[in-house]
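Here the protein sequences line up with chains C and A, keeping their order. So the first sequence is numbered by our numbering: it starts at 1 and just counts up by one. So the second sequence is numbered by our numbering: it starts at 1001 and just counts up by one.
Some hints could be false.
Stated by the list, open to error - Heads up, simulated EDC-like pairs for lysine to aspartate or glutamate below, C-alpha to C-alpha not over 16 Å straight-line:
| # | chain 1 | residue 1 | chain 2 | residue 2 |
| --- | --- | --- | --- | --- |
| 1 | C | Lys51 | C | Asp27 |
| 2 | C | Lys15 | A | Asp1320 |
| 3 | A | Lys1026 | A | Glu1296 |
| 4 | A | Lys1141 | A | Glu1118 |
| 5 | C | Lys8 | A | Glu1296 |
| 6 | A | Lys1009 | A | Glu1368 |
| 7 | C | Lys51 | C | Glu31 |
| 8 | A | Lys1277 | A | Glu1258 |
| 9 | C | Lys15 | A | Glu1168 |
To be verified - In silico contact screen, one side only, chain C against chain A (beta carbon under 10 Å); selected entries:
| # | residue |
| --- | --- |
| 10 | Cys62 |
| 11 | Gly78 |
| 12 | Met123 |
Claimed, not checked - To list a few chain C residues with every Cβ distance to chain A over 10 Å, as calculated:
| # | residue |
| --- | --- |
| 13 | Glu31 |
| 14 | Asp39 |
| 15 | Ile40 |
| 16 | Met41 |
| 17 | Lys58 |
| 18 | Ile66 |
| 19 | Lys79 |
Worth flagging that the hints you see were computed from the coordinates, not collected in a lab. All values derive from a computational prediction rather than experimental measurement. Here a beta-carbon is modelled for each residue, glycine too, at the ideal position from N, C-alpha and C.
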Amino acid sequence: MVIIMYSKKVMENFKHPKNQGEIKDADGIGEVGNPVCGDIMRITIKVKDDKIEDIKFKTFGCAAAIATSSMITELAKGKTLDEAKNITRKDVSDSLDGLPPIKEHCSNLASEGLNKAIDDYLMKKKE
Amino acid sequence: MTDKNATPKIIYLDNSATTQVHPLVKDAIIPYLENLYGNPSSLHTKGQEAKRAIETARKQVATLIGATPNEITFTGSGTESNNLALKGIVSKNKNRGNHIITTKIEHKSILNSAKWLETEGFKVTYLNVDKNGTVDIEQLKKEIRPETILVSVMFANNEVGTIQPIKEIGEFLKDKDIYFHTDAVQAVGKIPINTEELNIDILTISSHKIHGPKGVGALYIRNGTKINPIIHGGGQEKELRSGTENVPGIVGLGKAAEIAKDTLESNIKHLNMLSKKLEKGIFKSIPELILNGHPENRIPGNVNISFKYVEGESVMLMLDCEGICVSTGSACTSKSLKPSYVLNAMGKEIVFMHGSIRFSIGTFNTEEEIDTVIKTLPTIIKNLRALSPIYNKN
């Protein structure tokens, strides 16, 4: 067992996550993680004029996975696609006042999920 | 019994991790932190006071498990007792063989001692368990070799509570030249144990699991057992465990053992009543879950449940926010980021492994507390499932 000390911000975002759920007719969907590692994240976005107009998430995982998902939706909402793509795992982690080292991969998962959703949208647009 | 000292509103259901020190144990310890500070090895009055206290504790611990006092060695923890049992037995008996049998679901202090012994040239067989977490005794019989010198099987598992066929194993080994050790840390005080009737040669006890203080354990070693110390020095505890005795701790363990013996029946009844209530209440109010461990043959007080579609750490922390302390076998709380090796050995589905929660009820828990848990839990599971991308019911 490891002692996990979460910041207040992580706990807030875990207890009261923002933008949870799924956009029904999403323009882009990004799903990352797998059941073996214990984290699965699905991010759905609605895009208008190259901006993320709406974003929602669903996450199976620990408190850090839920908090980072919530935070990335907050950071990405209203941003242009380029701006959103530039959100790093560090941005997510910093906005949560840091993550325990063993949980750093969760912030990676969140930014990966967002990137995947944006890529999915861009792919669909091309078609 | 009511709990006067705990912080109000906290519902502590993690008694397999540790327990609150019993008020009477605390009272017994205090004088040994004050006037009775002697070193038991000293021949003067102060020393002999302390020596007498240790011998009283030895009697109290022996009585709890049907042993004689000179068969009890005090150590620094359950972990140390397990280390002493494995390393002490094999180093003294290696001329007879180099093979040990244990199980895949032992506590880390057994598993990692066994792994270390492998690096020292010993051969170890790790027995499988079935889906309920019970060791296969037929496999044990098949794995016995002429070189087998020790069998170590835990009395009851710390995660899922499954009680092992200790009596059958003892019976099987009784006429063989093989020592039988059992880690009884989770079973002591919750199951009647008689080392004589069960043909156990060596048995591990931990103080803080039975409302005693932390930092003290005991090892029952049947008279005539050949064992080496692992800690060398001044020769305390009949040369088996050097170092000035932890007198207050030993006194506390003794008192805790005495209380455990005196209240064993009522405690078992109390724990069984509360755990049945909790299990029933949860199964009635929450769909899609499984009970981990043996459906019947578990230590009183253990209820380990996997909630499908949600992750254990999240459930644990949500409960903690409501003042309810439990533990989880989730990967997210382990260093390795791998889920519970116990549930893995039991062949549980991966989604269930991530969502396991262990409620371990103790002497001081009440029916009202269990009612609160039953009322609180469904909302937490419902909310986390609503958040889960693998839950498609809504």
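May I ask which of the numbered hints given earlier this structure violates, with the numbers listed in increasing order?
-> 3, 4, 5, 7, 8, 9, 11, 12, 13, 14, 15, 16, 17 and 18
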